[in-house]
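> So you can see what is in the structure, the chains are spelled out below.
Number of protein chains: 2
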Amino acid sequence: MPANAAFTDSTTIEKQLTAAREAIASLKGISRVVLTACGGSHAVMMPFEYFLDTNASSFEAKVINAAEFTSRNSSRIDESTVVILCSHSGTTPETTEAARFARSRGALTVAFTFDPASPLAEASEHVVAYQHGEGKSEAHIAPTLILRLVAGILDDRDGTTLADSATKATATLNDRAPAIRADYADRANHWGFESRREPLIYTMASGSNYGSAYSFAICLLQEMQWVHSAAIHSGEYFHGPFEVTDFDVPFIALIGLDETRPVEQRAVDFLQKYSKRALVIDAQEFGLSDVDERVRPVFTHIIFNIVLRAYADALADHRGHPLSVRRYMWRMEY
Amino acid sequence: MPANAAFTDSTTIEKQLTAAREAIASLKGISRVVLTACGGSHAVMMPFEYFLDTNASSFEAKVINAAEFTSRNSSRIDESTVVILCSHSGTTPETTEAARFARSRGALTVAFTFDPASPLAEASEHVVAYQHGEGKSEAHIAPTLILRLVAGILDDRDGTTLADSATKATATLNDRAPAIRADYADRANHWGFESRREPLIYTMASGSNYGSAYSFAICLLQEMQWVHSAAIHSGEYFHGPFEVTDFDVPFIALIGLDETRPVEQRAVDFLQKYSKRALVIDAQEFGLSDVDERVRPVFTHIIFNIVLRAYADALADHRGHPLSVRRYMWRMEY
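Taken in sequence, the protein lines are chains A and B.
Residues in the first sequence are numbered consecutively from 1, following full-length UniProt numbering.
Residues in the second sequence are numbered consecutively from 1, following full-length UniProt numbering.
The set of hints was computed from the structure by calculation and includes no laboratory data.
A couple of the hints might just be wrong.
What follows is a list of derived Cβ distance ranges for each label pair [as the list claims (entries may be wrong)]: (1) B/Glu194 - A/Arg326: 49 to 59 Å; (2) B/Ser75 - A/Asp292: 39 to 49 Å; (3) B/Pro262 - A/Trp330: 49 to 59 Å; (4) B/Thr161 - A/Lys273: 28 to 38 Å; (5) B/Tyr334 - A/Asp9: 51 to 61 Å; (6) A/Asp246 - B/Ser104: 32 to 42 Å; (7) A/Ser58 - B/Lys276: 28 to 38 Å; (8) B/Ser104 - A/Asp164: 41 to 51 Å; (9) A/Pro322 - B/Thr161: 24 to 34 Å; (10) B/Ser324 - A/Asp164: 16 to 26 Å; (11) B/Ala117 - A/Pro262: 43 to 53 Å; (12) A/Gly106 - B/Ala25: 27 to 37 Å; (13) B/Ala117 - A/Ser58: 17 to 27 Å.
Which stretches of chain A does chain B cover? Using the computed rule of at least three CB atoms under 8 Å from a CB of chain B, they are [said to hold, decoys possible]: (14) 52 to 64; (15) 119 to 129.
Beta carbons: idealized from backbone N, C-alpha and C, even for Gly.
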């Protein structure tokens, strides 16, 4: 991606978001919302499938890898389908292809990307260009904007009143993010030091937090640290994965604030009994009482992402392996 | 589970399957089929979400962990929903709870279980009791029966003609399974020996084979061998996970016969270039030309399961760690 590309300004982003929401609201009817992307962007989408599935009364939601989505070639992808796509650079071929496929079927396509001039943006009907990196507005990053869009879809199609609360919650992030980073700095540093020679670190979560655990496993650990990992769904833990638990097997387990909290808590209770290397991050410490309780469950994952990034930064520092290093990506054709 | 419980006889199973199919056919309309279970049974369900999603024209399909399903409490679960559940012993509390939840919403519930007197069977409207273990009919195991049910749903609701081909294909399994086991015996033994000191083995697949890769990772490796693992979706591989690939990192990669074969092939091409420990199992060697090409893609995963079990048996043998050993499961309350 272009390292010194200018941000799309917040006013333009707000206009793009409004245009996408209005286009979806003006559709005669929608039967389904598909959220599709690859890797880290796929992980970004996961919490919103949860949010839609728990709140929608008139349409279905599915989250799916973009290559798999196009390959499936489902006849259900039609003009009553909204397809939301995401690619940071906007150059991911599978996601661009998914946009073309969806559009050829008459589905309404909305792309989230850093680069509004990218192939994905070109291939999609609507584009929301989010901010990223140093100096960004925390209220205008991918997850905050997708949250506001899906809350808007719910309000417009199913009569909920979630979008204003979502906007209000995300507007707090510019103050909240530095505070939460400061709050976790020492803990992250301690964990990074203690974990610096671990060849494998599992992550675990469920519900709207599974995407954060998945992202940490595949992007931060596998991709950016070459540390082995797997994201274990907390509801699957006792049905196989828990047998690898041992005193010296490291886990990062998330406990969020959504309907699956008891599922996450049960897995953590066991984990803490049999592993001495369990890092548990509990969203009850995030101080989110000001956030509308209907939005708080899904909003929580954005805070998890901020906190987890601090842990990844600390790990990278103590391992002397910058998060920016790759051995294959950007270095060769594949 | 009861070790010496008698099988439900094939005639009874056929009647149960017909009754479940007829009950679904007689519903006024169906909007969605939800496939829900935990762990290995969740994995059993995954290929059928793929099969339904690629073939259904009038309803949606979702596969989801049972604890997550109940927690979500979606208002879309109603009398136009068919919920298919699976638990081997029928005692999985989360799956039984999912059946109760679905039924309380008016959804039609069909349980697949070995034990027709189990809590899951009691909680569900319809039960199909499959066979398992020594002496079973390969045509009456969980995946063959679920395949036939979902093919029947597609035929009855969407006018396809898949069920007869599914039945015909599954009927070949009693001859095919021993032949395929014999065919892979030497290769499995060689791999088991070579892999006996590996602390971690990744699996990889996509589409209708992802469930087989997931099952091998969480049940055979993590649960039954205490070997670290993760099932990597082939379409996600290049978007993070591939950075852990190295000459000494072992993978089992599946290449199937469904629409995602090119996605799996692309990942394998890279993998084989950079890992000396890549085991690739290609379904083109399974000799499935007699199977209807519309059913062949999903049928393939049943053969993968048989082949993978041979590899797991060989690994267990060379590691001196029987597949039946557990350190937590069956040994304590959790």
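> All the hints need checking, so say for each whether the structure fits it.
Structure-based check of all given hints:
1. A C-beta distance of roughly 29 Å is found between B/Glu194 and A/Arg326, which places it outside the suggested range of 49 to 59 Å.
2. Look at B/Ser75 against A/Asp292: about 19 Å separates their beta carbons, and that is not inside 39 to 49 Å.
3. The given range of 49 to 59 Å is broken by B/Pro262 and A/Trp330, whose C-beta atoms sit roughly 23 Å from each other.
4. Take B/Thr161 and A/Lys273: their Cβ atoms lie about 53 Å apart, and the range 28 to 38 Å is violated.
5. One distance hint, 51 to 61 Å for the beta-carbon pair B/Tyr334 and A/Asp9, holds here, with the actual separation near 52 Å.
6. Between A/Asp246 and B/Ser104 the C-beta distance comes to about 40 Å, which sits within the given range of 32 to 42 Å.
7. A/Ser58 and B/Lys276 have their C-beta atoms about 53 Å apart, which leaves the hinted 28 to 38 Å range violated.
8. Taking 41 to 51 Å as the suggested C-beta distance range, the pair B/Ser104 and A/Asp164 does not conform, at roughly 33 Å.
9. A C-beta distance of roughly 57 Å is found between A/Pro322 and B/Thr161, which places it outside the suggested range of 24 to 34 Å.
10. Evaluation of the 16 to 26 Å hint for B/Ser324 and A/Asp164 yields a failure: the beta carbon distance comes to about 56 Å.
11. The beta-carbon spacing between B/Ala117 and A/Pro262, approximately 29 Å, falls outside the hinted interval of 43 to 53 Å.
12. Take A/Gly106 and B/Ala25: their Cβ atoms lie about 30 Å apart, and the range 27 to 37 Å holds.
13. The supplied range of 17 to 27 Å is broken by B/Ala117 and A/Ser58, whose beta-carbon atoms lie about 40 Å from each other.
14. Only residues whose C-beta sits within less than 8 Å of a C-beta in chain B count toward coverage, and the region 52 to 64 of chain A has 6 of them, enough to reach three; the restraint holds.
15. Here's how the region 119 to 129 of chain A fares: 0 of its residues keep a CB closer than 8 Å to some CB of chain B, so the rule of at least three is not met and the hint is violated.
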